[in-house]
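K.L.:
Spelled out, the chains give:
There are 2 protein chains.
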Amino acid sequence: MNSLFYPKNLLVVGVSEKPDNLPRIIAENLIRFHYPGELYLIGRCKGNLDEHPILDSFETLPQGIDLAIILTPAATIPDLVEGCGKKGVRHVIVETGGFAETDEQGESLARQVLAIAQKYQMRLVGPNCIGILNPQNGICSVFVKMEPDEIPPGRVSLMAQSGAVTLSLVYMLAANNLGVSKAVSIGNKLDYRETDYLQYFLQDPDTDIILMHLEGISDGRKLLDLARDAQKPVMVYKSNTSQASAHAAHSHTAALTSDDRLVDAAFKQFGLSRIRSLRELALFAKGLSLPPMHGNRLAVFTRSGGHGIIATDLAHDFGFELPECPQELMENAKQYFRADIIDLSNPLDLGTVFNFDSYIPLVRQSIECMQPDGVMVIFVFPQDDYESAAKLVRGFQSLLEEYHLPIALCFSSTQENIDRLEKELRYPIFVEVADAMRALAASRDISQFHKKTRARAALRSTQRCSPVGAAGRARQILASSLGNVLLTHEAFLVCEAYEIPVPPWGLAKDADEAERIALKIGYPLAIKLITPGVIHKSDIGGVMLDIVDEESLNLAIETLKTRLRAQGIDEKADFLLQKMVKDGREVIVGGKKDNTFGPVILFGLGGIYVEVLNDVALRVAPIDETEAMEMTTEIQSSRLLDGVRGEAPSDREALVDTLVRISELLTDLPEITELDINPLIVCKQGVQVVDARIARLS
Amino acid sequence: MNSLFYPKNLLVVGVSEKPDNLPRIIAENLIRFHYPGELYLIGRCKGNLDEHPILDSFETLPQGIDLAIILTPAATIPDLVEGCGKKGVRHVIVETGGFAETDEQGESLARQVLAIAQKYQMRLVGPNCIGILNPQNGICSVFVKMEPDEIPPGRVSLMAQSGAVTLSLVYMLAANNLGVSKAVSIGNKLDYRETDYLQYFLQDPDTDIILMHLEGISDGRKLLDLARDAQKPVMVYKSNTSQASAHAAHSHTAALTSDDRLVDAAFKQFGLSRIRSLRELALFAKGLSLPPMHGNRLAVFTRSGGHGIIATDLAHDFGFELPECPQELMENAKQYFRADIIDLSNPLDLGTVFNFDSYIPLVRQSIECMQPDGVMVIFVFPQDDYESAAKLVRGFQSLLEEYHLPIALCFSSTQENIDRLEKELRYPIFVEVADAMRALAASRDISQFHKKTRARAALRSTQRCSPVGAAGRARQILASSLGNVLLTHEAFLVCEAYEIPVPPWGLAKDADEAERIALKIGYPLAIKLITPGVIHKSDIGGVMLDIVDEESLNLAIETLKTRLRAQGIDEKADFLLQKMVKDGREVIVGGKKDNTFGPVILFGLGGIYVEVLNDVALRVAPIDETEAMEMTTEIQSSRLLDGVRGEAPSDREALVDTLVRISELLTDLPEITELDINPLIVCKQGVQVVDARIARLS
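Each protein sequence line maps, in turn, to chains A and B. Going by my numbering, 178 is the number at position 178 of the first sequence; the sequence numbering is gapless. Going by my numbering, 23 is the number at position 23 of the second sequence; the sequence numbering is gapless.
Misleading hints may appear alongside valid ones.
Note that identical chains are pooled: a pair holds if it fits in a single copy or bridges any two copies.
Stated by the list, open to error - Listed below are the simulated EDC-like cross-link pairs for lysine to aspartate or glutamate, each with C-alpha atoms no more than 16 Å apart in a straight line:
{"hint": "1", "residue 1": "Lys593", "residue 2": "Glu328"}
{"hint": "2", "residue 1": "Lys145", "residue 2": "Asp384"}
{"hint": "3", "residue 1": "Lys119", "residue 2": "Glu496"}
{"hint": "4", "residue 1": "Lys561", "residue 2": "Asp574"}
No lab work stands behind these hints, which were simulated from the structure alone. Computed from a prediction, not measured in an experiment: that's the story for all the values here.
Let the hints inform the model, and build the full structure from the sequences given.
P.N.:
Shown next as structure tokens:
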């Protein structure tokens, strides 16, 4: 992909001499941006642009051009791509819209274009995009007139599904005195997908921070795996989240909507920072351009008590610890204070320190004796104090180099001063405490994610909860089931293959067999009607509980037969007898095969906690024990598992073990589309599957 | 207060000729800002500043100066304030720190200063502040050097507890090309409080929008009442929210922390917009400078499909409705589209409309036939397209004047372009969709609050749920109770005074009386030990339930007596017999007298919903039926009241009526400090108080 972003030669297709011809505007941008390589132009008529001839055919082009940019009507694209292929072009950016985002005809055209590209081993960007920006290499394939100073070079690389969002991101970065390394508008992702660009940016030496704007996710699992192993911060702005916007997305870039709550959970699980606005990108990029924040200890210095209070509030909100000011620092610091009226704490109020030269030694001393993971300095100054502020920034710059700590500067002054400081001193300045705090929190979260992941990676390779051969046994059961939805006892057998406890049970054809089974498993028991024609047993009264003796067992079987006949179902039914589980907390464990992320697992407390309060935890499977434990603690109702109002605590370890096993089951058996263990009873000791439902691919 | 912000003459106290003398810097600021009135200077030594003499005593000053600004050591303040008083000064700004925010000595000094001011009927700003800004009148009492162009004049007036936060707010407004009408740093609020400034800003013809930054709230109820009746938007940035920051606040401006969740609820109830960052102020001020958004219908026009999807997501998040594009608009609109590839919807994607002149007629047409409450236009353009953008802005400006609708422009370009548009055309520009959407939502929320409030105000005056004379009867019971915590049956009597149903009960001295009462009220019943020494009956096993007959009643009384003796309590106890309430939803209704807001009321479902999930609704009392209904629907577990899993729905109307009555009770009887009805059982029909606890002032 390097020759896409650093093409040694470049072809623009569709150029004419008309001033409003869009490919002409692209070519003019390239000239204006001083693209250093060879530039070729092709159009329907011969002509000239600047000093570049416009050719009217591919014939005279040299072989092996690195990059072609095409913006002509959709119907003409296949032939032009074919022309490129014949000339051994390596990459083609198709900017034209009118493909998969419109109608079936467009989709068919898109398939045709992809086939041609594959035939020639060409790779495609787009279609329906504005291509790429690489200001260091003079690349700007946008079809509106742009000036080089609109796209300052920097260390952030970004991709956006929409061309205009690409530009908006660049403008937002620039407004914050940040530049762009590379940008690509990925459009319909006919060939290259977001994960391809991500892989490239991850290894690109000129990229420090990566941003992705996505409307749909093409290969969720690959995205997650790349993110988890990334050595650079990756932020995602995922739009197209609401039901209502699914329609607009389809007509824009044919994106697929996935459940946004799952997206949130998966991103968090794999260390992808999700941002919610363009500005957050700029803030995070500022924060991440500082050294990483490895822990929670924050030392705050402020020229203003009012901002100190705001900082304390926010430190609390973002989970930072404000370690106490040690006595030795206090003693030493007091020499700088003009008045002795404010006690020394963290945030340290420097309101009465009028000699700004003392700030640097004070902060140095605090770093030495407080050992913080990060420092924040809040400074409000008028227009006239620019030089004092600049001197401070230079001082903090050298402290940062010395201690390799993030020193977040939160300066409040005229915008002119802020811009000048950032531009002249190349140090990020936050204009309010909330911004700086959020950025530091993002940095800390990323550090901590990677620390945790490294620790787990060592464990994960050797661990497996479920027994050897489980997958094989479960697969046999799945294969032998007659329907797409397994019968309850078949689902039980799948659970048992993974050694997930099911209370004693047996399947009876008639009352006699039921009696024998009942004797074996003991009363009280539950009895369930098993017949392929009935998926939701309880809907027809097919479940009877608390059967305490033989007499009530026989009565129950007669009742169930009557109810089955009443439904007009004339099948032969079996009766599932199952020992009742008493005392324990009802929970639900669910799983499904998600189109975007593959197998995912859900956990929540049973009944109203899931149905009314929607209080569930989601993860991409498989999970390890730490992740399973996090699922049980992140739900709001988690404390109920510890026992409230005198109840015994539930066996959280057994629950965690079960979650891991089910996640392994879902991963081992991709043919399972849905799984519901509802309820699973978590007892004082161990768990019991009371009901299970498994659906598989037909 | 007008002579504070528009003083016809002004005195600065503490001035010397030394360049770093702070009062001198204040005086120089006034000169630099072209303060138009007479300026007097006083210092310890005679001298000159510019053309102004520095006097060394109050003697030669004229009588009746409007405003004096003092910044000298704290200990000198009483004498200087006395000096001002003798000369009939009307307002004094004390900028010096070292008063109530430090120690007892400071507090005593503050009381002394206040007494002097009151003696002369002078009003005070501060202490511990930077005073006021009024750029239209050349007032800048800040003690750092400032330039007039740092404080552009505008229509937003603000107050902040901290001087530096005052400046930060002004800088944030200016960075968004907004100016300030008046600003005041309110400091320790020794005399003038936030509600005084608020009252002034509310009637000030040069103020359109008001912002308050508060660390503590001096008179919560007055603040709320002013907000509810305000004809201008009032935004509050309330800091000092975390437990940890309470300490810092005390040492800064002696602010008191109140429960932040209650602050949220009260602000919402009375229509105060709470902002969470300085930037939000600027965004809201931009939004509120447009005509108000009266409803939920939003029409979105976008040059970019990608931003359209983002807008759809956000419209959904903020509860906007995106009405469909009517057929007639579609037909007419299509003439402007270059390609026919995008279907017309809302957001309307103008990506293929290259003639920007058609935007205005298109939007006009949509306003005519869609009747939206607000319009958003998203436009991404390069540096070079400034003129096109400016033309659009002018077009939208006239549309806005014609239809008096908010037209939020969300433009993405270079910062230079955005600043130039805002400055040249005086039209607010949002740089991202999230900003514009949030600002429109704030505008809508304010409009809808006032609409709702006006509708309620008409009702409220005549309505009262609780019976005539209730307060008198309840007050008698409170007065006759021996302890600060009422005995359970006394609390029942208070409830009954307000006709809040309590199940049949009676108080027995011994087993014989208990038997007689039991016969009257019927079994099953509960029995509770009543003795002033035991506040929490259940802690010593003082409650026994489900007593079904005389025999178990006698046994229960013996058991209770034994338990009481086991506690070493030698008092004579009574026995409260109470008919058991079966079947119904347990809820909790609580109340307390809050230091900031007075009587407040709490509602939640009983047990784990409150204890574990913390799922409660709060309001300032009294509330009306609509507010009570909102309390029952805003909790997460609200749906449980409708009955889930086959349960009968609870009587929400009776619950609402009870909430209103209890809110009236709390309001009528300010001597009640705490009240807990826990549980209140909400039955299929009606409610029943099962246990009640009331504490009163000693």
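K.L.:
Provide an ascending list of the numbers of those earlier hints which the structure does not satisfy.
P.N.:
1 and 3
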